[in-house]
Amino acid sequence: MSTRWFGQPIPRVEDERLLRGAGAYLDDLGHDALAAAFVRSPHAHARITDVDVSAALDVEGLVAIYTYDDLPDRLAEPLPLLIPHPTLTHGRTPYALARDKVHHVGAPVAMVVAEDRYLAEDAAERIAVRYEPLPAVVGIAAARAAAHLVHEDVPGNLAARMTQSTGDVDAALAAAPHVLSLDLAIERSASTPLEGRGVLARWDAEARRMRIWSSTQTSTGVRAAVAAKLDLPLVDVDVITPDVGGGFGVKIMHPWPEEVLVPWAARLLARPVKFVEDRREHFVASAHERGQLHSVRVGFDDDGRLLGLDVRFWHDHGAFIPYGLIVPIITSTQLLGPYKPGAYRVTFDSLYTNTVIVTPYRGAGRPQGVFVMERVMDAIARELGLDRTTVRERNFIEPHEMPYDHGLVFQDGRPLIYDSGDFPASLAKLKQLVGWDDFEQARETARAEGRRIGIGLACYVEGTGVGPYEGGHVVIETSGKVKVATGLTSQGQGHQTVFAQIVADELGVPLDDVEVVTGDTRRFGYAVGTFASRAAVMSGSAIALAARAAKEKALRVAGDALEANPDDLEIVDGVVRVVGAPGAEISLGTVAVLSNPLRYAFDTAAQAATQFASGDPAKPPVPEDDEPGLEGRDYFSPMQSTFANGMHAVVVETDPDTAEVKILRYCVVHDCGTLINPRIVEGQIHGGVAQGVAGALYERMAYDDAGQLQNASFMDFLMPYASEVPSSVEIDHLETPSPMNPLGIKGAGEAGVIPGAAAIASAIEDAEGIVLTSMPISPSELWELRRSKETG
Amino acid sequence: MKPAPFDYRRPEQVDSAVEVLGTLGSGAKVLAGGQSLIPLVSMRLAHPSALVDINRLRELDYVRVDGDVVRIGALARHARVLADPAAGAAQPLLRQALRLVAHATIRNRGTTVGSIVHADPAGEMTAVLALLGGSLRVRSSRGERNVTAGELFLGPLESDVRDDELAVEAALPVLPPSSGTAFVEVSRRAGDYAVCGVAAFVRLKDDGAVAAARCAYLSVAPTPLVLELTDQAADPRAAGEAARAQVQPEADLHASADYRRALAGVLTERALTQALAAARASGAAAA
Amino acid sequence: MSELIDVVLTVNGVPRPLSIPARRLLSDCLRHDLRLTGTHVGCEHGVCGACTVLVDGLPMRSCLLLAVSVEGNDITTVEGLAEPDGALSAVQQAFRDCHGLQCGFCTPGFLTTVTAGLRDNPDPDEQQARDMIGGNLCRCTGYQNIVRAVLRAAELAR
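Protein chains in written order, with the numbering used here: chain A, 1 to 792; chain B, 1 to 287; chain C, 1 to 158.
Watch out, some of these pointers could steer you wrong.
[Claimed, not checked] A few chain C residues facing chain B, derived, Cβ under 7 Å: (1) P17; (2) L18; (3) A22; (4) E44; (5) G57; (6) L58; (7) S69; (8) N73; (9) R96; (10) G134.
[What the hints assert, rightly or not] Computed Cβ-Cβ distance ranges for the label pairs, DEER-style: (11) A:R447 / B:T148: 43 to 51 Å; (12) A:D657 / B:P173: 47 to 55 Å; (13) A:A442 / B:P173: 42 to 50 Å; (14) C:G72 / B:R44: 44 to 52 Å; (15) B:R44 / A:A442: 49 to 57 Å; (16) A:S774 / B:R44: 50 to 58 Å; (17) B:D68 / A:G450: 50 to 58 Å; (18) A:A442 / C:A157: 34 to 42 Å; (19) B:A257 / A:R447: 48 to 56 Å; (20) A:G413 / B:A257: 16 to 24 Å; (21) A:D405 / B:R44: 56 to 64 Å; (22) B:P156 / A:G450: 18 to 26 Å; (23) B:G155 / A:A706: 20 to 28 Å.
Just so you know, the hints here were simulated from the structure itself, not pulled from any lab data. Positions of the beta carbon are idealized from the N, C-alpha and C atoms, including for glycine.
My request is simple: use the sequences and hints to build the entire structure.
So, in structure tokens, the structure goes:
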């Protein structure tokens with residue numbers, strides 16, 4: 001009996017290489033490449049009146065300097081608006097190099113190419129750009145006030161206003177026995193992978209081919225964008241994603257200015273060119289997320305059941321909006337979580353500010369939405385004197401109501417219909433795990449010791465595995481080895497391991513015989529990308545289907561060779577055999593040989609497939625409805641997303657004097673359908689929880705009124721060390737299989753981060769008796785809140 | 001983030017280092033551990049014309065207790081000073097402070113004297129020197145001089161060590177009998193510069209009454225602030241109140257001014273409580 | 001300006017003669033001059049720890065060292081951590097066993113740091129394991145499995 005790999009917490013196949021320092025990240029490649037560096041705007045908003053490069057020209061090792069005026073044709077046009085939406089009436093995107101204005105600190109103004117990065121920076125430092133500063137629009141309040149405009153032709157700084165609703169909210173609120181109003185804010189943060197962005201390009205002038213390596217979450221996206229911008233046939237552009245040092249969303253954005261400029265320069269200079277973003281650049285030139293302000297009115301009955309929910313929010317998307325309205329659309333829909341809102345109306349404004357662009361960061365609008373909804377739940381509980389879990393239980397969508405249609409449209413343009421989930425069971429597990437019902441005793445014990453502790457919880461539902469599609473390709477080679485390719489990329493999620501687990505099971509081959517390649521357009525040209533917790537759902541399903549196709553053919557070919565009915569065959573450890581007939585077997589490698597009719601034998605085994613050795617002379621060597629080779633290719637394109645869910649509970653202690661917050665316990669109940677590799681899923685949760693804690697207590701992008709990012713370094717942007725995260729994350733899984741895909745899986749990549757701010761706010765509020773309406777919160781801010789409370 | 005070019009010298013002896021510094025003029029910087037300097041150079045926020053690398057000056061790699069003084073050579077890394085049993089026994093505040101200096105990896109390279117010369121008002125070792133009334137020995141081709149803590153710190157990141165001078169040694173008094181010290185701080189992340197930190201020194205009379213008490217403060221003033229709290233120290237809470245009334249911190253990204261002031265009070269109380277306990281233990285041990 | 005200085009760096013036990021400018025950071029020198037790209041650069045201001053290498057056995061940030069300044073020191077990078085027979089070291093093996101890495105970018109800095117840390121303290125408790133890695137940033141793992149890997153490495157080494 002062969003091992004079943006699906007569901008096993010096996011170690012990752014990626015690791016050995018990475019542990020030896022033999023990974024190949026972007027900057028580990030292209031040692032012969034020229035280096036690019038950028039002159040970036042020091043102003044948040046300014047007119048460029050002059051760019052003087054003369055002082056840079058005699059820098060040793062300088063190869064080229066480019067400004068906007070050098071850009072040809074389509075490269076001189078604004079970068080693409082990736083996700084147009086009918087309500088995005090005023091979508092603006094940047095030029096690859098600033099044309100006559102800069103709209104945020106860090107905007108690229110000139111590109112320098114030199115023999116190495118040191119020399120490129122020497123030259124960049126000597127380029128004198130004259131700016132005429134303009135008033136900067138920073139923060140949601142300034143954007144709404146619109147005393148100044150980020151783009152002259154965008155009135156009110158408003159890119160889009162979008163409303164969705166179900167039911168009659170006004171009537172529901174008017175009739176509700178209780179109505180509360182809340183204003184809730186989440187500040188900006190960012191993905192902040194340890195490896196920044198980077199791109200390397202080689203132009204092969206003889207073959208007229210462009211080869212690009214990019215630290216991206218979408219190689220096919222970069223490929224299409226570069227081909228379009230450089231006017232190259234798509235088939236002449238290869239994009240390869242090497243090892244990527246983390247993404248968390250920021251690298252799904254594309255093409256970054258550097259991603260088109262570097263290939264362009266490489267072609268122009270006929271030399272490889274590489275750009276490796278440094279940490280300071282990453283803060284001011286790569287995307288942020290999360291900054292939103294929300295105003296909520298909620299009506300509810302005496303039991304705490306929602307009757308109407310009216311949400312108005314403002315989304316700060318930065319200076320441009322190339323990624324469209326995805327983040328606020330997600331907030332506006334996923335805010336509902338596991339609850340039935342009664343009548344619901346949500347309206348958001350997406351606003352320009354003179355800051356770095358906003359694109360999804362792990363969680364993508366959900367942490368904000370969950371913060372809003374869970375604050376509402378806590379407020380209702382407080383208002384009615386009910387336990388916080390009771391209010392949630394009373395508003396849950398019940399399992400028998402699945403699939404549940406909210407009557408709204410999700411981020412993929414499809415109806416927001418939850419496919420499965422058992423929220424009451426999840427909450428029961430969470431209460432058990434954290435000891436919710438015994439907490440009052442713990443609180444009293446702590447109080448007697450002069451300590452303040454509090455408990456909080458938060459629930460979420462996460463649409464994962466959005467379309468449109470992914471594909472998989474499975475080839476069984478004549479060696480019996482299985483080569484698998486899918487187009488989406490990997491940034492540490494262990495795809496090579498989990499996809500191999502799927503294929504090993506589907507085909508019945510040893511895990512070690514399966515090798516998976518991701519994100520290489522040479523191996524698989526059709527793909528979307530890695531975002532929205534979709535890789536396992538989409539590529540996992542596609543690869544399973546592709547493996548099934550390959551298996552079907554293997555059984556057919558083997559059936560011919562063994563003179564058996566394919567239905568009587570099984571594949572075990574890479575050998576096809578007739579069930580119940582010992583000795584009647586053929587290896588998959590031999591089946592691969594037989595599947596490809598040959599004229600020329602390349603080795604002894606291959607002789608079996610040559611024209612004098614095999615085949616029915618009455619039939620064509622390759623039947624009309626068949627193809628040579630033992631491979632399968634298939635695509636997975638579901639009707640809609642599949643919805644994972646989870647609930648977190650956290651116990652905090654707050655220092656009565658210093659207002660420092662310590663997390664004593666962090667408990668997670670998580671339902672992402674069936675688990676391919678529980679160890680990898682737990683790792684994803686651990687990492688997400690750390691980012692949730694970071695977003696609750698540590699990380700923010702601190703812009704001053706002039707639009708200068710004041711904490712653009714790891715000294716002041718407080719990414720947690722091991723000392724700042726909970727010392728353990730207690731996890732309990734619920735597995736409610738998804739009916740939306742062949743494996744029953746739901747996405748798991750983002751889940752851990754989503755309810756962090758909401759749960760921690762709930763716990764601090766519980767410890768302090770102070771209502772929290774804004775996250776993150778620092779000790780200084782908590783202390784100030786205490787003082788306001790004391791002074792009334 | 002790559003350094004601009006600079007002239008580089010790597011003298012093998014203190015005399016030649018001093019000579020080189022004398023000839024290079026302003027714009028030259030001494031490179032010791034470099035844990036604060038190199039980031040500034042890499043970000044091109046500092047543009048030294050030359051770096052004089054003193055990492056070959058083995059003669060300055062020492063920590064020793066010399067009678068009633070702990071002497072720390074300019075090449076002694078934080079980690080070495082932290083681990084030195086004799087220095088730790090002679091002046092416990094060294095260990096109490098050094099364990100709070102950044103992270104262990106930084107302490108493996110950064111030097112104690114370097115961090116004092118760097119004069120960061122958030123730096124633990126500047127506060128130690130100020131609290132204990134230590135001094136710095138600096139040498140140039142013009143000769144050698146001692147700079148007391150009171151004279152040394154001119155402003156944030158500005159110390160009275162001139163361009164042609166090399167700080168060769170920090171000297172700190174050993175802990176007198178019936179005395180105790182403590183160092184407490186609040187930082188956003190472990191290892192970060194403190195939002196506020198307090199170093200305390202207490203000496204007791206034979207009858208257990210406070211003979212002397214003072215605290216030094218991180219991150220509340222442009223230079224290390226030392227407050228004389230002898231009269232209040234017997235009641236740490238009152239001392240905290242006194243401290244709170246005297247500090248004039250500023251707000252920054254991480255903390256409001258009032259929060260910092262409140263922390264100065266809380267941490268004064270905590271530090272003095274610990275220092276008093278240590279002093280009493282020290283007195284009891286002697287008796 | 002970029003006058004070259006001849007130095008010999010000893011990296012993973014091998015003397016490596018080089019001609020480099022004084023300003024070359026050790027991290028860049030290892031990666032680009034010596035093509036030892038296992039040492040990664042995550043911030044270049046000494047906070048993240050991805051570039052941590054061992055200098056005479058002590059963990060140090062290679063982005064905060066000038067390459068010319070460590071002539072005469074023994075430098076160990078992640079490429080030098082495996083056992084002489086090529087097997088993964090206890091620390092490397094423990095990271096694999098415990099799923100102590102995801103994207104792997106910060107990992108070399110953790111491996112060098114923990115290698116030195118366990119030499120100083122071969123039997124850490126959980127808090128000591130946490131402290132040992134307290135100066136290294138990881139964005140993927142939330143550190144949970146890294147702490148486990150430190151404890152597991154200590155166990156494997158026994």
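Contradicted hints - numbers only: 1, 2, 5, 8, 9, 12, 14, 16, 17, 19, 20, 22
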